[in-house]
Amino acid sequence: MSTSVTDEQIRVLAATAKPYSLALLSWGPERTMDGADAIELEHQRRMVSLRAEGVIAILCPVASGTVSGVAIMTLPAEEAAEIMAGDPCVRAGMMRCEVHPCHGFPGDALPV
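Each step along the sequence shown adds one to the number in the UniProt record's numbering, with nothing skipped, and position 22 is 22.
If you're looking for bench data, these hints aren't it; they were derived computationally from the structure.
Any given hint could turn out to be false.
Derived DEER-like restraints, expressed as beta-carbon distance ranges [unchecked claim]:
1) 19 to 112: 22 to 30 Å
2) 109 to 42: 23 to 31 Å
3) 70 to 3: 41 to 49 Å
4) 42 to 65: 17 to 25 Å
The structure displayed is predicted, hence computed values, not measured ones.
No residue lacks a Cβ here, since even glycine has one placed at the ideal position from N, Cα and C.
Please construct the entire structure, taking both the sequences and the accompanying hints into account.
The structure is reproduced here in structure tokens:
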């Protein structure tokens with residue numbers, strides 16, 4: 001790590017932090033149930049729709065045997081948890097979802 005950051009830079013950045021929610025999806029016991037492919041497609045359609053509506057700011061599917069995805073949501077944790085509880089994969093037991101309040105810096109983005 002070669003970039004030097006001053007205390008003042010940290011204070012200035014910290015002052016811009018805004019509340020978000022982090023949704024952490026993990027695979028559940030019904031991951032391979034009959035009809036799983038169709039349910040997962042509906043999950044994907046819903047997540048991409050939430051992204052298009054601005055409810056999800058960053059959407060990251062995860063290639064793992066345990067974690068299935070991460071989403072940074074623009075809602076308070078309680079609202080985000082309600083939305084994620086209605087996810088087709090969560091309802092079917094194919095995925096579990098934990099939602100945690102977090103803070104982020106507006107304008108942060110994934111590199112192109």
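Do the hints match the structure? See the list:
no. : hint                  : verdict
1   : 19 to 112: 22 to 30 Å : holds, 26 Å
2   : 109 to 42: 23 to 31 Å : holds, 27 Å
3   : 70 to 3: 41 to 49 Å   : violated, 25 Å
4   : 42 to 65: 17 to 25 Å  : holds, 22 Å
Violated hints amount to a single one, hint 3; each of the other numbered hints is respected by the structure.
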